[in-house]
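Asker: Each chain, letter by letter, is given below.
Number of protein chains: 2
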Amino acid sequence: MPLIRTAYFVSDRTGITIERLGHSLLKQFEDLSFTEITLPYVDTLEKASAAVMQINQSAITDGVRPLIFSTLVNSKIQSILKSANALHLDCFNIFIKSLERELETHSSLTIGLSHRADNMPDYHQRIKSVNYSLAHDDGTSVKDSQQADIILVGVSRSGKTPTCLYLALLYGICAANYPLISEDFNSMLLPVQLKNFKEKLFGLTIDPIRLHQIRSERKLDSKYASLENCQYETQEAEALMRQEGIPYLDVTNKSIEELATTLIHQTQLDRKVY
Amino acid sequence: MPLIRTAYFVSDRTGITIERLGHSLLKQFEDLSFTEITLPYVDTLEKASAAVMQINQSAITDGVRPLIFSTLVNSKIQSILKSANALHLDCFNIFIKSLERELETHSSLTIGLSHRADNMPDYHQRIKSVNYSLAHDDGTSVKDSQQADIILVGVSRSGKTPTCLYLALLYGICAANYPLISEDFNSMLLPVQLKNFKEKLFGLTIDPIRLHQIRSERKLDSKYASLENCQYETQEAEALMRQEGIPYLDVTNKSIEELATTLIHQTQLDRKVY
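Protein chains in written order, with the working numbering: chain A, 1452 to 1725; chain B, 1452 to 1725.
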C-alpha cells in the first residue's frame, strides 16, 4: 500500500509560483502519491502558527511528516514555519542570500513587491487586453486590428480563443483571432480583412482526427465534424498558411501554456505585464 | 549610472515557473535594474550551448556577469549551463536532492512530466471551462447553471469576466457571471435566475471612484459612468450581497491572480487542472 504524503505549498502571496514549482518537483516521483495543499496569504505570525498546526496535524494523520515548499519573505514567518514537523524547502531564502552576495547589496525583503495590487497599469493592461481579445474573437471585428499585437488564424476549434485569452490574461498581449473557412480555401487567398496585417498573423493547426473528436462533441454527425471535412480543412489551411508565409504551430500535443510560450518565443512578442 | 544586469530564466519547458520565481526575487532589489530574458524549451545539448553563447555575450556587453535562474531536469544540460560566465541558480537540482533523501527514492528526472501535452484530460477541461465561461458571461445564459462551479455577481465592470476566464484557463473551473443591475437594487432581491444557485454565488465589489474611472473610459460623461451612479450601484450591490449572505471581495487593490487565488481559498473550490 503506497504511503500518501501531504505536500504544503505555503506563500505570503498567491502561492501560484511555489505551487507550480512544488508540483513539478513532486511529479518527478512517479511512484509516490501526494495530497497537495496550497496555503496562500500566510502573511502574519498568527496565520503562520495556524499553518504549522495544520501541518503538524497532517503529520499525525498521515503517519509521516509532510513536505513544505514555501516562498516566504519575512524571516519571522519563515522561522515559525521551520518549527513544523516537516521537511521544509524554502525557495526564497535559499536564493536571496546568493543574490545578495552577487549583487553586493541587501534585498528589501518586503512582502509582495512583485505582484502588487497597486501596480495599476498592469491590472489595467490585462483588463484591456482581455476585452480586446473578447471583442476580436473569431473574426467578430477587424476594427482596431492595427492595435493587435498578434492575430491568430486557423480553422474552427483549433484553439485560437483560449490561446488569445491566455496571452491577454497572463502577458497583457492584445490578441485577435480570425477563422479560416471554406471560402478562403476555395479562393486560396487570405480573407481581405487580414491583407494589411500579414506581419501580425500566426497560424494554429491541429491533427484532423483530434479536430474531428472536438467538433463531434459540439455537432455530432455533422458535415462540419466529419473526419473527411476536418482533413480537408486542416490540409487547405496549412497549404494557405505556407503559401502566404504565415508561421504556424500544431496545437495537437501542446498545452495552452506551451502554445502561448512557444508562440511568444517564436515571434519575439514582448510581454506587457508580469 | 546604475549598472544593468541581464537575468536569464532558462527552462527545458515553458519557463513560466522560473520566470515568475526569478522575477519576484529580483524585485527584492529595488535599486537595481535588470534586463530579463526567458529562454524556454532548452531541451537539447545544442540549445544549451547556444544559450551559453548568448549568456556569455551578455556578460561582455554588460561588463558584468549575468544571472541565470533555471529549472533544468537533465544533468548534461545543467552542466553545460553551469559553464556559462554567470551566477547560476538552479531551482530544480537544489530541491530534488533533499526530496530524494526525504522520500528515500530516486526521482525519474524526465523532462516535462508535470505539464505535458499528452495530458489530454487537462487540456480538454480547460477548453471546456473557457467555453463555459464565455457562454455564461454577463448573464448571457443561465442554462446549465447547475454545471457552474461558481457564479460571480457584481455591478458592471467590477472584474467578473477576467476573473472567470482566469479561473477557467488556470484552474479548469467552470465560472459563470451575472451582473447586478438597477432592477435588482430597486427590488433588493437577487435576480430570479440565481435563486436556485445561492450556494454557488460569490460577489465582487469595487471602490466607486475606481469604477467611475473604468466606466468613464468606456462611456465618458454618461449617467452609467458618473461617480454618483457608481457610488449608488456599489453601495446597493454590497447591501444586497450582505442581505443574501453572499461572500464578496473588493477587487480595487487586487490583481487578477490575487482575486482568483483568494476566491479559491475562501470557497475551497477544487482546481481541476494543473
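Hints were generated in silico from the structure; no laboratory data involved. Each hint should be verified, as a subset may be incorrect.
Repeated chains share a single entry, so a pair holds when one copy, or any two copies, can fit it.
What the hints assert, rightly or not - Heads up, simulated SDA-like pairs for lysine to any residue below, C-alpha to C-alpha not over 25 Å straight-line:
1. K1548 - S1475
2. K1498 - L1641
3. K1478 - E1668
4. K1651 - K1674
5. K1533 - S1475
6. K1498 - I1665
7. K1649 - R1669
8. K1674 - A1501
9. K1579 - I1531
10. K1548 - R1516
11. K1478 - D1541
12. K1670 - N1637
13. K1579 - Q1597
14. K1527 - H1716
15. K1533 - D1482
16. K1478 - N1525
17. K1649 - N1507
18. K1548 - D1482
19. K1723 - G1590
20. K1478 - V1724
21. K1646 - A1510
22. K1723 - Q1664
23. K1723 - E1689
24. K1498 - D1589
25. K1651 - D1672
Asker: Each hint should be assessed against the structure and marked as holding or not.
Answerer: Going down the list of hints, with the structure as the test:
1. Taking CA atoms no more than 25 Å apart as the test, K1548 paired with S1475 passes in both settings, with 24 Å inside one copy and 14 Å between copies.
2. In this assembly of identical chains, K1498 and L1641 lie within 25 Å of each other by CA distance neither inside one copy nor across copies; the values are 58 Å within and 35 Å between.
3. Proximity of K1478 and E1668 under a CA criterion of 25 Å is satisfied in neither setting, with 31 Å inside one chain copy and 46 Å between copies.
4. Taking the closest pair of Cα atoms, K1651 and K1674 never come within 25 Å of each other, the shortest separation being 31 Å inside a single copy and 38 Å across copies.
5. In this assembly of identical chains, the alpha carbons of K1533 and S1475 lie at most 25 Å apart whether taken from the same copy (22 Å) or from different copies (22 Å).
6. Taking CA atoms no more than 25 Å apart as the test, K1498 paired with I1665 passes in neither setting, with 45 Å inside one copy and 34 Å between copies.
7. In the homo-oligomer, the alpha carbons of K1649 and R1669 never lie at most 25 Å apart, since the shortest distance is 31 Å inside one protomer and 29 Å across protomers.
8. Taking CA atoms no more than 25 Å apart as the test, K1674 paired with A1501 passes in neither setting, with 58 Å inside one copy and 47 Å between copies.
9. In this homomeric assembly, K1579 and I1531 never come within 25 Å of each other (Cα to Cα): the closest approach is 41 Å inside a single copy and 41 Å across copies.
10. Proximity of K1548 to R1516 under the C-alpha cut-off of 25 Å is restricted to the inter-copy arrangement: shortest distance 17 Å between copies versus 27 Å within a copy.
11. Both within a single protomer and between protomers do K1478 and D1541 lie at most 25 Å apart by alpha-carbon distance, with minima of 18 Å and 17 Å respectively.
12. When the C-alpha separation of K1670 and N1637 is checked against a cutoff of 25 Å, the pair qualifies only within one copy, where the shortest distance is 23 Å, while the shortest distance between copies is 42 Å.
13. Taking identical chains as interchangeable, the C-alpha atoms of K1579 and Q1597 lie at most 25 Å apart only when both belong to the same chain, with a minimum of 15 Å there against 30 Å between chains.
14. For a Cα distance limit of 25 Å, the shortest separation of K1527 from H1716 across copies, 23 Å, qualifies, whereas the shortest one inside one copy, 40 Å, does not.
15. Proximity of K1533 to D1482 under the C-alpha cut-off of 25 Å is found in neither arrangement, the shortest distances being 27 Å within a copy and 30 Å between copies.
16. Only between protomers do K1478 and N1525 lie at most 25 Å apart by alpha-carbon distance; the minimum there is 15 Å, versus 28 Å within a single protomer.
17. Taking identical chains as interchangeable, the C-alpha atoms of K1649 and N1507 are never at most 25 Å apart, the minima being 59 Å within one chain and 35 Å between chains.
18. Taking the shortest alpha-carbon separations for K1548 and D1482, only the inter-copy value of 17 Å comes in at or below 25 Å, while the best intra-copy value is 34 Å.
19. Taking the closest pair of Cα atoms, K1723 and G1590 come within 25 Å of each other only inside a single copy of the chain (23 Å); across copies the shortest separation is 30 Å, beyond that limit.
20. Taking the shortest alpha-carbon separations for K1478 and V1724, only the inter-copy value of 14 Å comes in at or below 25 Å, while the best intra-copy value is 29 Å.
21. Proximity of K1646 to A1510 under the C-alpha cut-off of 25 Å is found in neither arrangement, the shortest distances being 63 Å within a copy and 42 Å between copies.
22. In the homo-oligomer, the alpha carbons of K1723 and Q1664 lie at most 25 Å apart only across protomers (21 Å), although the nearest pairing inside one protomer, at 35 Å, exceeds that limit.
23. For a Cα distance limit of 25 Å, the shortest separation of K1723 from E1689 qualifies neither inside one copy, at 30 Å, nor across copies, at 33 Å.
24. In this assembly of identical chains, the alpha carbons of K1498 and D1589 never lie at most 25 Å apart, being 46 Å within a copy and 36 Å across copies at closest.
25. For the homomeric pair K1651 and D1672, neither the shortest alpha-carbon distance inside one copy (35 Å) nor that between copies (35 Å) is at most 25 Å.
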